[in-house]
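Novice: Read off the chains here:
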Amino acid sequence: MFNSSPITSWEGAGAIFTYADSPAGMAVCFWVMAAMLLVPLAVSIKAENQAELDHQ
Amino acid sequence: MTPEEMEAAILALQGLTSTNMEIFYYWCTAIMILIHAGFLMYEMGASRVKHSLASGTKNILAFAFMIPTFFMFGWLIYLSFYQGFTYDPGWGEFGLPMSSIMGPNMSDQATGVFWGAFTLFACTTASIMSGAVIERIRMAAFVVLAVILGSVVWNLAASWGWHPAGWLVTNFGYHDAVASGVVHTISGFFALGVLINLGPRIGKFNADGSANTIRGHSLPMTITGLMLIVVGFFGFIGACVLYNYGVNGSWVNIYGGPTTLSAYCFNTLMAVAGGIIGCYACTRDPFWMMSGALCGVISAAAGLDLWYPPLAFAIAFAGGYLGPWAAKQIEKMGIDDAVGAVAVHGVCGVWGLLAVGIFLGGYPGFSSWDGYDVPSINMTGQLIGAAVMIATGFIPGYALSWIFNKMGILRAGDGVQRDGMDHELEGIAYPEELRSN
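So the protein sequences, as listed, match chains L and R. In this text, residue positions in the first sequence follow this note's numbering: the first is 99, and each later residue adds one. In this text, residue positions in the second sequence follow this note's numbering: the first is 17, and each later residue adds one.
Bound conformation, chain L alone (with noise of 0.2 Å):
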């Protein structure tokens, strides 16, 4: 559906992952991956917090 395919015949291929001949797309991945990892330690903060006000 997104065309992700960088190769057309398996013959002399080199790259084959996803969006390999695609730097948007892979830009895309790479910053979502990133968000992936920020929001995690955002909802652990929040957590935190609420636990220490709720063991004061």
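Worth flagging that the hints you see were computed from the coordinates, not collected in a lab. This one's a predicted model, so the numbers in the text were calculated from it and none came from an experiment. Take the hints with a grain of salt, since some may be wrong.
[Stated by the list, open to error] Once the Cα atoms are required to be at most 30 Å apart in a straight line, the calculated BS3-like pairs of lysine-lysine come out as:
no.	chain 1	residue 1	chain 2	residue 2
1	R	Lys344	R	Lys422
2	L	Lys144	R	Lys220
3	R	Lys220	R	Lys344
4	R	Lys344	L	Lys144
Knowing the structure of chain L, use the given hints to seat chain R on it.
Specialist: Just chain R, lined up with the frame of chain L:
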């Protein structure tokens, strides 16, 4: 055999060699995960019941965060900052997260397995800090500290001192074959910097400054975890050797110097034994006895490729004495290191670097890269290397944790510590809600 058949045979042999190399590092990486499993058991066992899940969760999260961040920037730092803080774009392009070799690529069988092995080195480095701070550090702050240690700091040091063109190697002849300095000293002193700002657990020190012993809830779990770490070290040590890079397909060390896997096997086992026995003789404490295995391996690690095995045993035995002694001194300074990580990794790491200067001076230096005339192993190079490792670990650990402390996100409050860090999580360690004293 016709020339065409000969050419085909050579190509087949080259392909087989690449595949064998992939197999070797793939399984080294898998075995290294046992280090993390060991640290998990070790830290959970060393925690009191009310903190045990939080300790385990912290450890697992460090592992999980290290992998994507090492992909994002960790590998890039190792490959491209070997001359200090100067970026080499020529090598950097091989570690850029959007490089064509940073993913499935039919023409590259090396990058993925090497990246994997180094990622597990990074996980190990972060785990070392993890044990020291149990029972009072907040999760988010810990994860960020672990990422900075594992995906920035240690790999910068590794690029300087654990790389064929690292400036410590090419200028000073620094020798650190299995990372006494670039992993253990770095992480031990990073942990020290964090501990100074984090402060002790509630109840660790009395008003007169004397220390209380806080026992974990499961010493058998801790001891078994330490044994798992020893198993995992064999993967770690295997991945410190380069497969088929030497003359006639032989092994070389991380700098490209000639070695054999047998050398590492002799000396690793001797170091494990020496450390255990040294620590047992010194303390007769089961916890320290198994920590002694780590003291021993770390003390001998920098020269594992060159020791005469009984000398490796003796150096490890001395490390087994040094670790508990250093832990006592650190405690007397009012620093609460829950598992002795600063002593075991930081102090024994420095001892390992100095032992190389004392006993291996004069061995010719070697770099697999052209154009470098590497000095012989010498005490000055080891001293400079040790100082660089201490500073490179301590300064960022102290600075970052100082900032987090000022922001109020470093240390759990007294209430949470009293009731248990597990209250920050959705879970309990034991169904019966067993509580330690």
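Novice: Confirm or reject each hint.
Specialist: Against the structure, the hints:
As the CA atoms of Lys344 (chain R) and Lys422 (chain R) are separated by approximately 29 Å, the hinted pair is consistent with the 30 Å bound. A threshold of 30 Å between alpha carbons decides the hint, and for Lys144 (chain L) with Lys220 (chain R) the separation of about 28 Å falls inside it, so the pair holds. With a C-alpha separation of about 13 Å, the suggested pair Lys220 (chain R) and Lys344 (chain R) falls inside the 30 Å cut-off, and the hint holds. Taken as a hint, the Lys344 (chain R) and Lys144 (chain L) pair is broken in the structure, with Cα atoms around 37 Å apart against an allowance of 30 Å.
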